[in-house]
Structure formats: C-alpha cells, structure tokens
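Asks: Chain A is already provided as a structure; the job is to place chains B, C and D on it using the hints.
Number of protein chains: 4
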Amino acid sequence: MGIERLKKEVCRANIKLYRSGLVTSTFGNVSGIDRERSLVAIKPSGVSYESLTYRDIVVLNLDGVKIEGKLNPSSDTKTHLELYRNFKDIGGVAHTHSTFATAWAQSCKPIPCLGTTHADFFYGEIPCTDVISDSGIKGDYELETGKLIVNTFKSRDYDSIKAVLVACHGPFSWGVSADEAVEMSIALEDIAKVAMFTMIINSQSLNIKKSLLDKHYLRKHGKDAYYGQKKG
Amino acid sequence: MGIERLKKEVCRANIKLYRSGLVTSTFGNVSGIDRERSLVAIKPSGVSYESLTYRDIVVLNLDGVKIEGKLNPSSDTKTHLELYRNFKDIGGVAHTHSTFATAWAQSCKPIPCLGTTHADFFYGEIPCTDVISDSGIKGDYELETGKLIVNTFKSRDYDSIKAVLVACHGPFSWGVSADEAVEMSIALEDIAKVAMFTMIINSQSLNIKKSLLDKHYLRKHGKDAYYGQKKG
Amino acid sequence: MGIERLKKEVCRANIKLYRSGLVTSTFGNVSGIDRERSLVAIKPSGVSYESLTYRDIVVLNLDGVKIEGKLNPSSDTKTHLELYRNFKDIGGVAHTHSTFATAWAQSCKPIPCLGTTHADFFYGEIPCTDVISDSGIKGDYELETGKLIVNTFKSRDYDSIKAVLVACHGPFSWGVSADEAVEMSIALEDIAKVAMFTMIINSQSLNIKKSLLDKHYLRKHGKDAYYGQKKG
Amino acid sequence: MGIERLKKEVCRANIKLYRSGLVTSTFGNVSGIDRERSLVAIKPSGVSYESLTYRDIVVLNLDGVKIEGKLNPSSDTKTHLELYRNFKDIGGVAHTHSTFATAWAQSCKPIPCLGTTHADFFYGEIPCTDVISDSGIKGDYELETGKLIVNTFKSRDYDSIKAVLVACHGPFSWGVSADEAVEMSIALEDIAKVAMFTMIINSQSLNIKKSLLDKHYLRKHGKDAYYGQKKG
Chain A
-17 MGIERLKKEV
-7 CRANIKLYRS
3 GLVTSTFGNV
13 SGIDRERSLV
23 AIKPSGVSYE
33 SLTYRDIVVL
43 NLDGVKIEGK
53 LNPSSDTKTH
63 LELYRNFKDI
73 GGVAHTHSTF
83 ATAWAQSCKP
93 IPCLGTTHAD
103 FFYGEIPCTD
113 VISDSGIKGD
123 YELETGKLIV
133 NTFKSRDYDS
143 IKAVLVACHG
153 PFSWGVSADE
163 AVEMSIALED
173 IAKVAMFTMI
183 INSQSLNIKK
193 SLLDKHYLRK
203 HGKDAYYGQK
213 KG
Chain B
-17 MGIERLKKEV
-7 CRANIKLYRS
3 GLVTSTFGNV
13 SGIDRERSLV
23 AIKPSGVSYE
33 SLTYRDIVVL
43 NLDGVKIEGK
53 LNPSSDTKTH
63 LELYRNFKDI
73 GGVAHTHSTF
83 ATAWAQSCKP
93 IPCLGTTHAD
103 FFYGEIPCTD
113 VISDSGIKGD
123 YELETGKLIV
133 NTFKSRDYDS
143 IKAVLVACHG
153 PFSWGVSADE
163 AVEMSIALED
173 IAKVAMFTMI
183 INSQSLNIKK
193 SLLDKHYLRK
203 HGKDAYYGQK
213 KG
Chain C
-17 MGIERLKKEV
-7 CRANIKLYRS
3 GLVTSTFGNV
13 SGIDRERSLV
23 AIKPSGVSYE
33 SLTYRDIVVL
43 NLDGVKIEGK
53 LNPSSDTKTH
63 LELYRNFKDI
73 GGVAHTHSTF
83 ATAWAQSCKP
93 IPCLGTTHAD
103 FFYGEIPCTD
113 VISDSGIKGD
123 YELETGKLIV
133 NTFKSRDYDS
143 IKAVLVACHG
153 PFSWGVSADE
163 AVEMSIALED
173 IAKVAMFTMI
183 INSQSLNIKK
193 SLLDKHYLRK
203 HGKDAYYGQK
213 KG
Chain D
-17 MGIERLKKEV
-7 CRANIKLYRS
3 GLVTSTFGNV
13 SGIDRERSLV
23 AIKPSGVSYE
33 SLTYRDIVVL
43 NLDGVKIEGK
53 LNPSSDTKTH
63 LELYRNFKDI
73 GGVAHTHSTF
83 ATAWAQSCKP
93 IPCLGTTHAD
103 FFYGEIPCTD
113 VISDSGIKGD
123 YELETGKLIV
133 NTFKSRDYDS
143 IKAVLVACHG
153 PFSWGVSADE
163 AVEMSIALED
173 IAKVAMFTMI
183 INSQSLNIKK
193 SLLDKHYLRK
203 HGKDAYYGQK
213 KG
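Chains as they are written, first to last, in the numbering used here: chain A, -17 to 214; chain B, -17 to 214; chain C, -17 to 214; chain D, -17 to 214.
Source of the hints: derived by calculation from the structure; they are not laboratory data. Keep in mind that the hints are not guaranteed to be accurate.
Identical copies look the same in the list; a pair holds intra-copy or inter-copy alike.
What the hints assert, rightly or not - The calculated lysine to aspartate or glutamate pairs, modelled on DMTMM-like cross-linking and capped at a C-alpha distance of 25 Å, are:
1. Lys91 to Glu50
2. Lys60 to Asp196
3. Lys70 to Asp141
4. Lys91 to Asp38
Excised from the complex, chain A in its bound form (with noise of 0.2 Å):
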C-alpha cells in the first residue's frame, strides 16, 4: 500500500469518526499501518476534523520517528505505537472519549457481555486496565499507556476483542484496518449504553452464557460464519 494511500484511509477513517458522534472537542484520534513498510500514519495533535485533509496526516516509522508531515502528531501516538508493535496482526487503531464508553472507564469495571449484540461483536465482555501506576505516570506516559493495554491482553486474545478501556480515561480499539477499528469504537460505544441501561432496569444482570456468546460470536466470525454476504 503506497503512503498516499494510507493516508487518505487514515482520513477517511478519522472523518468518519468525527461524523459517527463520538467525538467531542478536538479528542479522538486514528492511525492505520502499513505492514510492509512498517510505517504508521495518524492524525495530528489537537486540529479540528472539520478542516482535516489528508495531507495533514503525519506519518512515522515504528520507533516514533517522523517520516513525513509537517504538524505533531497526536499526543497519544505512542499508545498507538505500542499496540502496532504488540498486536501484530492489526492495521488499524482509534481512541475516542465517546460518552458511554467513558463512563464504563471512569467508573474503573469491565463492560459485561449482558447479550447478543455484544457477542456479535466481541468475544466476551471489554476488559479494563488497572490504573496506571505514578512511575507510569511519570515516566513516558504515553507509551506506559499502550504497556497497561498489552499487559491487560496477555491473557486475552486481541483478535476476538477488539477494544479495551483505559482505567480513568476512555476505550482504545483496533481492527484490521484504520476503518474497522473506527467501527469498533461504533459498536463499543453503543454496547456501552445499552449495558448501561440493562444494569439500571436490573442491577444483577450477569455476563450471558457461554453457549450463547459462542453462537452469536461464531456465526458472524467464525471458520463456519453463516452472516451476511461473504460466504456466497
């Protein structure tokens, strides 16, 4: 995939971020990568979507060096970074502090697969890291955030969960490319309200079964997926 190119998907991606809702303010960013390359694209640091164009776009290599742009890129590309170089199957990651997913990582708790439209997206319920710790924090910030987020995945697979809230600060998530990882955030954000509203309507509602998480995770993802057109 030539650079052009990777960066228009980035803008496109950040684009369709900024126009699904979640975004508020000038937060939320989107990278892609090109694997062969090993180069990142991402969106710069604090400008407004409504002016963005793909040239604005700052690409960099995986060790944080900046390869083209002539902007910052955001501030947390190295939490980007971090997850390229760990998740090595992944082309894409967005953070947003989207309304609902906030809430499930100010409040510290994992968001619980309460039904199917979870399980049809993610495979079991969205973990949440621990707090980041005050060497984390003072140390490189950033990138002791993308270390919490591996750390949380080291017994979890990065594939059938896409997405992981930052303890007292907002959900990270990521996809094959920049544009699922867009969807990702789509998706966990309104799973995120509805299970928010299914603790309020009856506050001992429990993960659903494993049975039924297998059923509706498998039939849109697994080996024998039978939804939507792809199989035809």
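Replies: Quick look at chains B, C and D alone, frame taken from chain A:
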C-alpha cells in the same frame, strides 16, 4: 398481492425502520408475507440500508426455500418463518436491537404497563421469553428462537400484544403488515424508554389497573373504538 | 378574534409542538379558545402533524357541539373543554406524551422545584393528580380527566403553575394562548428531565427555599418583573 | 480592541453557545470585556438567539452604567460584572442552564474529577457554591450571586478551573475571551454528563489521583505543554 408489490412494501418498511433511528450498523430486519401464495419477502443479510433497493429483497416459501433473489436472506429468517407459521393473522415481522427495548431484553424482565401510552399500543406488559436452552442454541438456533417466542404467547394473545423481548437478545414485533410491524417497533422503543425512566423516578411503580388498561387499549382498538378518523 | 385566525393560531401551535420534538406518533394536541364567542378550536383526532393544515382544525362550542370542521376532534377534547370552563383566564391548552414529563406522571409523583430554571417558569412543584377512579374511567373518561385536573387545582393557582401531570398518563399544560400552552409543554419537559437527573445525582434533593422561588418567579412574572425587554 | 469588534465577538460567542445545543428558550448569556477601556459587552435580556445581531449587544462599564445599546442587558449582568472585577485576567463569561451541569448544580454537589477528559480541561473538581442566603436573595440578588462565586474561589485558582456550579441554579464559566468562556461551557456539560453516568455505573467512583490529574492538565496547559500544534 403480486410479489413485486410485496418486495416493494418490505423494502419500504425496512427503510422506514432505518430512518426511525432504531437500527445501528446492519442490525435489524423486516419481512412481510403474501398469505395467498404463502410467500415471505425479507431483507438480505448484512446489507447496508443505505444501498438497499427492492430488488435485493429475498423471497422464500414458508419452509425457507428461496424462490427469488440472489442474496442470502437475513440470518434471522427462520425466526420470522416460525412466527408466520404460528401467528396465522400477521402480515409482517420486524426485529431490531433498539437501545431501550434491548436493555429490557438483556435485563430479562418484561416491560410493565406503567401508563396509558403503553396501553394505547399494547394490551398489557410486553413479555420476555425464557433464556434459550443450550440444546436450542446448539440446534437450529434461529428456529428455536421463533419457538421460544411462540411458546411465550401460548398463554397470551399475539393480536393485542404485538411485540416480545427475547431474553439476552432484543425485541421482535409484528403486525397486519410489514409497515405495522415497524410501527410496533417504534412504539415499543418509546415505551421501553419511558418505562425505564419511570422506574428510575419511582422504583415501586406498578402496572396500571385493569380498568385503565381496558379503557385506553379499547378506545383505540376495541370494537367501539373512537380514536382517530376511521369511524367517521 | 375571527374563527379563521383562531384556527390558524391553533394549527401553528400544533405544528410548533410537533417540531419541538415532544410528540411521538400522532399523540399530542393543542387547542385555543375565543373567549368572546366561547368557541374552541382543536386538532382533529389521529391526524398526522405532517399533513395538518388549518382547514383540518375542528371548532366546537364549550358544550362540545361541533360548529365547524369535517373531522373528529381530538379524543381528549372533553378534557380541554373542562379546563376552559373552569380556568376562566386561559386561552390555550396543550397535551403531550413527552418522555420525561410522562415518566414523572407514570411514577405518580409531582415534580419538585429543584432549581431556578423550574422557578423561572412555574411557581412551585408541578402537581400530579390522583389516579382516576374506576367510576371515572367507566363514566365519561375524558371529561373525568378534566375534572381530576380541576380538582387538583382547587388548592393551587392555575395562573402561576400552568401544567399538571395526570397520574399514569401524561402532562397537560395551558397558557394565555395556544402558543403559550406549547411553550409551557416545552419548559415542562426540560424541567422534568433535569429534575430526574438531579434526583439521580442526589436522591436527597429537596424543593428550593421559598425566598429563592419567589425571587426567580417574580423577577420574570411578578408586577415588578425586570427580566426581558417588556418593561423597556 | 474597538467596541464594534468586541460587540461582534460577543455576538458570535452567544450564537456559538446557542448552536452548541446548551441553550433552551432564551436562557443563557455570554459577555466579553475590553480590559483597556474597562467596557463589558453582553447579550440583551430575553432576546431570541435566532434574531440576535451584534447591534443588539449592550455595552456597559464595570459599574453597570450602560454606554451603548437600546435594549436591557441580560438580567444576570451584575453577576458577570462581579466576576470581571475580581477575576482580573478573564476576558469572557458564559452562563447556561445546560442539562447535566444544571442537574449537578441543583443537586448541590461539586463534579468530581473522575477521569482524564475532565483533567484535560479543569484542574480538579468543579466546585459548587453554597446556597445563596436569604439576605443575598432579598438584596442585590445577581450581584450577590457573583459574590458567592468569587467567595467560592477564595481558596481556588480561577485560572485553572474556569467554571463553577451555582447551587440550585446552574453553571457559570469564563476564559481569556468570550469564545473560550463558551468552550468551557461546552466542555463542562460534556464532563457533567459523563460524570453522572460514571456514578450510575459505580457509585463508589472517586476523584482520580493527583499524579494523573497533574499529567493531563499540565500536558495541555502547563509551561511544558506538548498537546496540539502551539509549540510547533
């Protein structure tokens, strides 16, 4: 009714559902039946509402054999067919993952009839099915979901309560036509929302008394109905 | 005021109510009165707001006898008439099933006056009627609903609290004109929403003190009011 | 800064507030100050935002004497003036009755700093004033409201926490300009909303730790700030 006309009606009803704001992603589907020919028209699986035209609508017989259409039908097709086979008078079925109805479904609780808005549309509480059994999940899942709904209505009248919550999943609704099925989905979501807020304000809220339920349901739907212009 | 002009005013007020987002389906209705001729103009029953024109507005005398119009008047007409007969100074009545005001009505609780926004519009809590009696339901239901409201205001001033919650049903509001009745419906919904959130944040929240209520209500509505440009 | 330019800035800021969706009815007002000439420009009282032009903006000196403009200034003018007289570095003030910030104000509770979104804008919890005293209400009410705010900030830094909740009333915010005051109102409403949802999900949620608050506030606002493009 000609098949073309049925396909157009079903397409229009799907688009109405989408425009009502009840649909997220590609979730949700509406079908309609031509009772004379025993043919069901339904949305194709995983197709974007934005690009949907009536030519995409899939036609099947009541045994699920495809009669017309290139695309795969909705993955929930067998649930729809089971409803048509058992609820002999219905002409349309709709399924959504709308926010508040889904929250009630995920909480595994029926929506009590807390006011006259509810009573204007549904003659009593909206029931919630049992959680589907493991054998139901491992068997023909979507068919078993339909059976669960039919079973829930063994002791209820599907003609005066045109909606159900499938536990841990979401709502289904129906009506004399695809269009009315969508109307019921819209009314259900509104009622589910107000019911949740009512419980927040007063957790002791109860079903309204039978005399008030009768009054409101029957002034609109009873044989002496006097609401609207139809009697005129 | 000529009948044509009254019909146009009432039509405009109905459309304003619809555009305010307070109306779902065909619920909701606004009326206005010409006190000189004792004629009431009201929305027809079950007619879509989108196609409503002033020619559809129905005119009746205070006994409910239709004077002009081909369509049936709103099914709530007798409630409106009872209010006009008893609240001698009002010029308009509005009824909605708006989300938050309806939730309070369904919870059978008055809306406490929790802040100055409330006090700017309503001089104290918004009362909730008793639940209508079985004899009231079986009798002339809509007339009895009106009597219930009038009874609730026996010990209150309908001129400084221009709204009520009908228990298990929803809100009615009124004003010097159909337009003001709609304004009161809009203000009521906003206040009902903020009041619910206030109770969520602090379930111990209480009515504001009398001195603050007086200050805010009277600086806008008292004889020495100094809010706005009217004094200028 | 010329008076014309100040009036245009203040008009634009008022319209921005209105378009942000934070304003209902004619509530809300924004002012700006020309520190060189000690002149304050403010929205007129009770005027519709839709028809507002910069020619309607009222100009006063810091003693409240009208210098320019035909209309009455906002009824909250004395509160604005008291803030300008005491918070020497501010250039603009905004007041709204926005839903969630007002709910916190009505609940008489400060908004705790529950996450990094809050810390990105405000350096710690948003304080809530005491309830105004009866003598304050009976005296020069709007001036006394200003004094209450100033008093609340005796032990706080108005430059790093640019907003306050007036108990039983609603929020005020400020900034280096009328535009920034509006930005703070928008941020405050968003934070107030997420904070309420966080408390719903986990009623034990606490202020984030000092080290995380410092990190987020200072990376955007400290002398070594590295967020955005300003350093570039």
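Asks: Run every hint past the structure and note whether it holds.
Replies: Do the hints match the structure? See the list:
Taking the shortest alpha-carbon separations for lysine 91 and glutamate 50, neither the intra-copy value of 39 Å nor the inter-copy value of 48 Å comes in at or below 25 Å. In this homomeric assembly, lysine 60 and aspartate 196 come within 25 Å of each other (Cα to Cα) only across copies, at 19 Å, whereas the closest approach inside a single copy is 34 Å. Taking the closest pair of Cα atoms, lysine 70 and aspartate 141 come within 25 Å of each other only inside a single copy of the chain (10 Å); across copies the shortest separation is 44 Å, beyond that limit. Taking the shortest alpha-carbon separations for lysine 91 and aspartate 38, neither the intra-copy value of 36 Å nor the inter-copy value of 43 Å comes in at or below 25 Å.
Checked against the numbered hints given earlier, the structure breaks hints 1, 4 and satisfies all the rest.
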